[in-house]
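Using mature numbering (1 follows the signal peptide of the UniProt record, and there is no 0), the letters of the sequence shown map in sequence onto residues -22 to -1, 1 to 159.
Everything labelled a hint here was simulated from the structure, so no lab data went into it. As the structure is a prediction and not an experimental result, all values here were calculated from the model. Take the hints with a grain of salt, since some may be wrong.
[Stated by the list, open to error] Distance condition first, Cα-Cα at most 16 Å in a straight line; then the derived EDC-like pairs of lysine to aspartate or glutamate: (1) Lys62 to Glu9; (2) Lys60 to Asp76; (3) Lys70 to Glu44; (4) Lys20 to Asp109; (5) Lys26 to Glu88; (6) Lys82 to Asp142.
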Amino acid sequence: MKKFLGMIAVSLLPLIPLTAGAHGAAALRFEKSVTIKAPAAKVWALVKDFGNEQAWHAGVVSTTVEQKKDENGDDATYRTVKLKNGGVMYEKLRFIDDAGMRVKYEYVYEKSTLQFSNFYPMITVTANGNDTVVSVKGSYTRADSSNIPKPEQNDDAATKALDDFFDPGLESLKKVAESGK
């Protein structure tokens, strides 16, 4: 019996690489932050305005907000963000927490052009003495969840798309919040 079980185990070994990679795209972690020399209330006023991202993000041309029913039939707030590079992001607001200075939303890949999916970022504004720290955290997957993704939709492309949006966005938020405007 042991010999028979050993033969079965050996015969299954070639299948392990196939099944180990069959899960598709793994979730990747995302975390960025910036320290801003401005009061938290001023920074929070900019960040929480879900329909006015172009006021502080240098890469955003316009933001349009709409109220409609979501996939569950509940009232929901969505925004379309048009980018200077021609990209479009469509996002669903999850919540705005004024007391905790947090906003959470969901990236809707099917109606967006950037190459990532399953992205649910939370932006948090925290007072730190005379400074304010803004952090963005979330997880995401690449746009192509197959085991052999297209190069323009792989993990590196997803990470680059997020970096290309949030790095200059946080820097422009810092610039706007620190200005006298």
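A quick look at each hint next to the structure:
The straight-line distance between the Cα atoms of Lys62 and Glu9 is roughly 23 Å, outside the 16 Å bound, and the hint therefore fails. Using a Cα cut-off of 16 Å, the hinted pair Lys60 and Asp76 is violated, with the two alpha carbons roughly 26 Å apart. Simply put, Lys70 and Glu44 have alpha-carbon atoms about 10 Å apart, close enough for the 16 Å limit, and the pair holds. At most 16 Å may separate the alpha-carbon atoms for a hinted pair to count; Lys20 and Asp109 meet this at roughly 11 Å.
A distance of roughly 24 Å separates the Cα atoms of Lys26 and Glu88; the hinted pair therefore is violated under the 16 Å criterion. Taking the CA atoms of Lys82 and Asp142, the gap is near 20 Å; set against the 16 Å cutoff, the hint is violated.
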